[in-house]
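**Q** Top to bottom, those sequences are chains L and S.
In my numbering, each number is its position in the first sequence, counted from 1, plus 13.
In my numbering, each number is its position in the second sequence, counted from 1, plus 13.
One should not assume that every hint holds.
Covered stretches of chain L, going by a simulated chain S footprint (3 or more residues, C-beta under 8 Å) [as the list claims (entries may be wrong)]:
#1 155-165
#2 169-175
#3 238-252
So these bits of chain S aren't anywhere near chain L, every CB distance computed over 12 Å [unchecked claim]:
#4 M14
#5 K33
#6 G43
#7 R64
#8 D142
#9 E209
Just so you know, the hints here were simulated from the structure itself, not pulled from any lab data.
Backbone N, C-alpha and C define an ideal beta-carbon position, used for all residues, glycine too.
Single-letter residue listing:
Protein chains: 2
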Amino acid sequence: MSDLSRFAINQITTRDWSLKEAVDGYARQGAAGIGVWMDYLDAAGVNAGARIIREAGLFVPCLCTSAWVNLAERSAFDAAIAENRRRLDAAAEIGASCLVVVPGGLATGERDLQAARSRVESALEILLDHARSVGVALGLEPLHPMYAADRSCLSTFAHCLELTKKLGEGTGIVADTYHCWWDPFFAQGLREAGSEHILTFHLGDWLVPTRDVYQDRGMIGDGVIDFAFYRSVLDEIGYDGPFEIELFSKLDWWTRDGAETTRISIERCAPLVGARK
Amino acid sequence: MSDLSRFAINQITTRDWSLKEAVDGYARQGAAGIGVWMDYLDAAGVNAGARIIREAGLFVPCLCTSAWVNLAERSAFDAAIAENRRRLDAAAEIGASCLVVVPGGLATGERDLQAARSRVESALEILLDHARSVGVALGLEPLHPMYAADRSCLSTFAHCLELTKKLGEGTGIVADTYHCWWDPFFAQGLREAGSEHILTFHLGDWLVPTRDVYQDRGMIGDGVIDFAFYRSVLDEIGYDGPFEIELFSKLDWWTRDGAETTRISIERCAPLVGARK
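Kindly generate the complete structure, drawing on both the sequences and the hints.
**A** What follows is the structure in C-alpha cells.
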C-alpha cells in the first residue's frame, strides 16, 4: 500500500472539475489533501467549500493565490491589499496552511523590476499582521524566471528565502520543482531554508520541448527533473510537510478526464511522497 | 550623427541573409561589427568569410557558438572537443574576440543537472590552453533558465562568473539582457564581474506575452527591459566593449527583409550604444 498521507493534488491539475468534484475525486482515489484555488472556492462559496473539504477529511496545504499587487496607482494597490486580507480569511476558513504569494510582475508600462520587487515586499509587510492573526502563512513561491514580467517578480529561491528570513514568523517558502529545478542554488537553498521554512513542496516536471510558456507542465516522470534527488535533500533536512502535484497543461492533462489525471498523478507520485525514512 | 563604433549586429537577427549579405547589409547602414554564426561561416568557407569581413572593415565581437558537449559517451564528447578547437581556430581567423559557449543542457536520458554542469566545466578546462594559444576567449553566456534542459545548462550570471574567475585568463562573460534581465543578481553581477570580464553585451527585449519559448525575442523597446538602466551600470563599471543586438524571432523580425530589420535595429539601439560618457 502506498502512503499518501502527505500527498495532495493541487486542483488546477484537474482544471475542469469544480471544488466539490475535485474533493470527491481526490478522496475517492486516496489522496489526502487538496491545494485549493480561490476562484473555485468563490464559486462554491467559502463557507460551503470549507464544509465540503472538512467532510471529506482532506488537508489543505495551500490556497492559490494572492491577488496581484503590481499596481502603481495607490487606490488600486490598496484594493489588492484588501482582497488579499479576504483571501487570508478564506484560507483560514478552509484550514489552509498558507496563501501562496504570486504577486504579479511589472505594473502596466513599468520597466523597473527592482521597484516591482520592492512593492511586493511592502505588500507583504502590510499583510503580515493579518496573516499572523488568522494563522495562515504567506507562502512565497519562487516562480520560473519566464514569468517575471507578467505573473510574479519573485523569480528565485534565494530572493524568497531572503524575504522570508527578513519578514520572519508568518512567512515561508512554497517550493516547486517546475519553477526551481534549473537553479544552481535550489538544493542548497532548501538546505539553508531548513524544514521549518518550507510550507509545501510542489511537484511538476519540465518537458523537452516545452511547447507553451505558460501551460505545458509535465506529469511527474515525463520530463527531465530528478525528483528522487530533491526528495533525498528534503529527507536530509527533516522535511515532513506536504507534497503536492500541480500541473498547468492545456495540451495534455487538462484535455483528459479528471479521474484519469488523478489516477496517474497518484501512480507517478506515490513512490516520492511517503513517510520520511 | 549616431556613434555606432561599438555596435554590432548578430547575424542570426537577419536569419535569411548569408554571411556576405549580412556583412554588406550591416556595413551599408553603418553598423561597425557583426556577430558571426558558425554555420554561415562554414557555408562561406572560413578563409573566404574572414576576407569578406576584413574587407568590409567590420569588427567581430563573437563567434556563435561552441559545439554542444552534453554527451555522456566518451568518443562523442572527444569529437565535440575537437570541433570546438576547430571553432576556436575559425574565431581566430575572423578576428572574433570570443567563442560564445552554449554547451548544451542534459545528455540524452540524463536528469542530473549538476553532472551536466560539471561536464561543461571539464570541457572548458580542456579547451582553455587552445583558447589562450589562439587568442580567442571562451565566452560563457548565461542562457535563460528555460533553456537549461536543451540548450545550455549555464543558467545564471553568478554561475558563469564563478566559472570565469576559477578558470581565469582566456575566459569571460557574454551578457545578454534577454537571458538575464529577470535575475535579481544581474546588475550586481555586472559590477562584481567588472569591465575586464565582460566580453560583449547582447541586446534583446522580453516580450509580454512571449509566444514561443525559443524564437520570440523582442526588438529593443518593444518589450519590458530597462536598457537605459543596464547601460548606466555598464558605464559605472567602465565597460567600453561591444553592444550587439541578437534576435531570434520567427514570428516577426525573421519574416521581414534583412535591410528593414537592420535599419530598425540601428534606429532602436543607437541611443544605447554610443561612447561612454
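**Q** Indicate, hint by hint, whether the structure satisfies it.
**A** Results of checking the hints against the structure:
{"no.": "1", "hint": "155-165", "verdict": "holds (count 6)"}
{"no.": "2", "hint": "169-175", "verdict": "holds (count 3)"}
{"no.": "3", "hint": "238-252", "verdict": "holds (count 3)"}
{"no.": "4", "hint": "M14", "verdict": "28 Å, holds"}
{"no.": "5", "hint": "K33", "verdict": "33 Å, holds"}
{"no.": "6", "hint": "G43", "verdict": "27 Å, holds"}
{"no.": "7", "hint": "R64", "verdict": "39 Å, holds"}
{"no.": "8", "hint": "D142", "verdict": "26 Å, holds"}
{"no.": "9", "hint": "E209", "verdict": "24 Å, holds"}
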